[in-house]
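With the hints as your guide, set chains B, C and D with the ligands onto chain A.
Protein chains in written order, with my numbering: chain A, 1 to 110; chain B, 111 to 220; chain C, 221 to 372; chain D, 373 to 524.
Some hints could be false.
No farther apart than 20 Å at their CA atoms in a straight line, the calculated lysine to any residue pairs in the SDA-like style are these [to be verified]:
{"no.": "1", "chain 1": "D", "residue 1": "K475", "chain 2": "B", "residue 2": "A158"}
{"no.": "2", "chain 1": "D", "residue 1": "K468", "chain 2": "B", "residue 2": "E196"}
{"no.": "3", "chain 1": "C", "residue 1": "K278", "chain 2": "D", "residue 2": "G439"}
{"no.": "4", "chain 1": "D", "residue 1": "K475", "chain 2": "B", "residue 2": "I200"}
{"no.": "5", "chain 1": "D", "residue 1": "K407", "chain 2": "D", "residue 2": "R437"}
{"no.": "6", "chain 1": "D", "residue 1": "K475", "chain 2": "B", "residue 2": "D139"}
{"no.": "7", "chain 1": "C", "residue 1": "K323", "chain 2": "A", "residue 2": "Q38"}
{"no.": "8", "chain 1": "B", "residue 1": "K176", "chain 2": "D", "residue 2": "L476"}
{"no.": "9", "chain 1": "C", "residue 1": "K255", "chain 2": "A", "residue 2": "D89"}
{"no.": "10", "chain 1": "A", "residue 1": "K66", "chain 2": "A", "residue 2": "Q38"}
{"no.": "11", "chain 1": "D", "residue 1": "K430", "chain 2": "C", "residue 2": "G287"}
{"no.": "12", "chain 1": "B", "residue 1": "K176", "chain 2": "D", "residue 2": "K407"}
Here are the simulated distance ranges between beta carbons [stated by the list, open to error]:
{"no.": "13", "chain 1": "A", "residue 1": "K66", "chain 2": "B", "residue 2": "D199", "range": "57 to 63 Å"}
{"no.": "14", "chain 1": "B", "residue 1": "L205", "chain 2": "A", "residue 2": "R30", "range": "48 to 54 Å"}
{"no.": "15", "chain 1": "A", "residue 1": "P98", "chain 2": "D", "residue 2": "S453", "range": "44 to 50 Å"}
{"no.": "16", "chain 1": "D", "residue 1": "N458", "chain 2": "C", "residue 2": "G326", "range": "44 to 50 Å"}
Hints in this document: simulated from the structure, not taken from any laboratory.
Nothing here was measured: the structure is a model prediction, and the numbers come from that model.
Heads up, the beta-carbon is just placed ideally off N, CA and C, and yes, glycines get one too.
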Amino acid sequence: MEIDVRKEAQAVVMSLTGRMDAVAAPQFDRTAADLLAQGDRRIIIDFASLEYISSAGLQSILALAKQLEDSQGSVILSNLAGPVREVFDISGFSLIFPIYDRCEDALASL
Amino acid sequence: MEIDVRKEAQAVVMSLTGRMDAVAAPQFDRTAADLLAQGDRRIIIDFASLEYISSAGLQSILALAKQLEDSQGSVILSNLAGPVREVFDISGFSLIFPIYDRCEDALASL
Amino acid sequence: MSFFRVIMPATIDHLGDFIASLSRWLQQQGLAAEKIGRVQLAVEEALVNIFRYAYRGKPGEVEIRGGIVEDNRFVIEILDSGAPFNVCSLPQPDVKSGLRERKLGGLGVFLIRNMVDELVYRREGDRNVLTMIVAKSNGRFSSSRQKVRAGA
Amino acid sequence: MSFFRVIMPATIDHLGDFIASLSRWLQQQGLAAEKIGRVQLAVEEALVNIFRYAYRGKPGEVEIRGGIVEDNRFVIEILDSGAPFNVCSLPQPDVKSGLRERKLGGLGVFLIRNMVDELVYRREGDRNVLTMIVAKSNGRFSSSRQKVRAGA
Ligand SMILES: Nc1ncnc2c1ncn2[C@@H]1O[C@H](COP(=O)(O)OP(=O)(O)O)[C@@H](O)[C@H]1O
Ligand SMILES: Nc1ncnc2c1ncn2[C@@H]1O[C@H](COP(=O)(O)OP(=O)(O)O)[C@@H](O)[C@H]1O
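Pulled out of the complex, with its shape left as it was, chain A reads as follows (with noise of 0.2 Å):
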């Protein structure tokens, strides 16, 4: 897995690309780490590019939305489709998180 991060004005955007699986997750959660040390707390996670994720990586991007909302930040997703879409839905975090369709979407809800 790529992990791109773009520093925008109202958000930082996560741009994931390739597979997360198990041993994908720990590198999503040391990026993760880097960007609420710096401060940040909106983070667009953009799945434009992931064509796969399990439930290692469905834990960190829950982590990471856990200990946003201690301190009034949120986890935004965009661009869920296919397996990855998939695996959202049927885990039921389709119903946690709010998604929009494209990354720009999401940028200005915000």
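Structure of chains B, C and D with the ligands alone, referenced to chain A:
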């Protein structure tokens, strides 16, 4: 392995990237056959981005050179280094082909 | 009849190798890319649990077998020599509650159930054997998947 | 003491999976990247010959084992159940002649010999076992490699 084909005035340059193993070699054979069918007779093989070669790769290159010899053509090598260079040296293939440090030198020699 | 088998050390480092090797066989056998993705998810969840809970990080091996029955059903078996555990015995996790109430974890086996048509556990000698069945054709797959989902 | 084992079908499709899985273990054990490349070459040549000549395309499996002895020497064994063949019995190929005289083929085993410090063949039951030994430290490696090269 990726094969990039560039047609110059003096010769065709095949740039190899990645690993030329027994699975990749047939792909080289197909590309080489296409070039022969198009009438190309001078072929420079550039190894700048090749990190690995096995005997299957050596055979493919030798087979191409033998075909070209029959029709007064030639195979020239450039940018042989590291482990790939070592395999050429051990197998005596370094003695079979003209070898230039850089692709431009190979082109200039024609 | 094509039969597949891979045995490797039960470590997270080899997770990708297990998945790549099995996927290559599934692809050769003509399973659709979308279904290969579902098998990958089910197998990853099972493997990670074996590394983590069955072997608890101790050295061991995992074997994955693949076969095709009735020309249409892929049978994938995952075998380990770790602590006995019937994956099929787990209760349904919470997949309804919101951010605050949601607990971390507990989704792996639930995802396995939802990715395959049938899931059977058995103990064979000193090994756990988890059998996953996935139909190749779309019709059967969708209908039986519905069934499994409702029962999960 | 770390021990590694991988078993997969003896087909060219799995060549990359064998190499990836073994290389991951070698890397974990701290073998230098340059030496991993040499082992990859030796193992590829041995595997391709097994797929092609020992099994002649018929279904079968290959097992690769890895271990470390004397804290310094990697022992890699490749096992197949195909036709008996002592790889070490082959004569030295022609590595001197030019383009016109050069014959295609015959370099695989020669490359194996040149990539490892020691190469031993034995028949064990109904299996061929090819043992490759590679020293981890540079000093020993270079000197014994010279020896092998001279004798090849
Ligand atoms: N192979 C196994 N061996 C022993 N226990 C297991 C195994 N697989 C799962 N479990 C148990 O079942 C629980 C639920 O597993 P799972 O649904 O994958 O979620 P998680 O691993 O996130 O807890 C685990 O926490 C563990 O206690
Ligand atoms: N595992 C094997 N089983 C049977 N014969 C083999 C095996 N490996 C090599 N050989 C024989 O040895 C010859 C030389 O092998 P090799 O050096 O790899 O070159 P090549 O495969 O290009 O001929 C082969 O042509 C084959 O006849």
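Pairwise hint evaluation, A:Q38 against C:K323, where the allowed Cα distance is 20 Å at most: Not satisfied, since the Cα-Cα distance of roughly 26 Å exceeds 20 Å.
Hint consistency between D:K430 and C:G287 [alpha-carbon to alpha-carbon, up to 20 Å]: Roughly 17 Å separates the two Cα atoms, so the pair holds.
Cβ separation of A:P98 and D:S453, checked against the hinted range 44 to 50 Å: Violated - the Cβ-Cβ distance for A:P98 and D:S453, about 58 Å, lies outside 44 to 50 Å.
Hinted pair D:K468 and B:E196, Cα distance within 20 Å: 15 Å, holds
Proposed proximity, A:D89 with C:K255 (alpha carbon, max 20 Å): Satisfied, since the Cα-Cα distance of roughly 17 Å is no more than 20 Å.
Restraint status (C-alpha distance of A:K66 to A:Q38 at most 20 Å): 17 Å, holds
Satisfaction of the hinted span 44 to 50 Å by the C-beta atoms belonging to D:N458 and C:G326: 55 Å, violated
Hint check for B:D199 and A:K66 - Cβ pair distance inside 57 to 63 Å: Roughly 58 Å apart at Cβ, these two residues keep to the hinted range, so it holds.
Agreement of D:K475 and B:I200 with the hint, judged by alpha carbon distance not exceeding 20 Å: Within the cut-off at roughly 16 Å; holds.
Restraint status (C-alpha distance of D:K475 to B:D139 at most 20 Å): Judged against 20 Å, a Cα distance of about 17 Å means the pair holds.
Hint consistency between D:K407 and D:R437 [alpha-carbon to alpha-carbon, up to 20 Å]: 17 Å, holds
20 Å Cα cutoff - pair C:K278, D:G439: 17 Å, holds
The structure fails to meet hints 1, 7, 12, 15, 16 from the earlier list, while all remaining hints are met.
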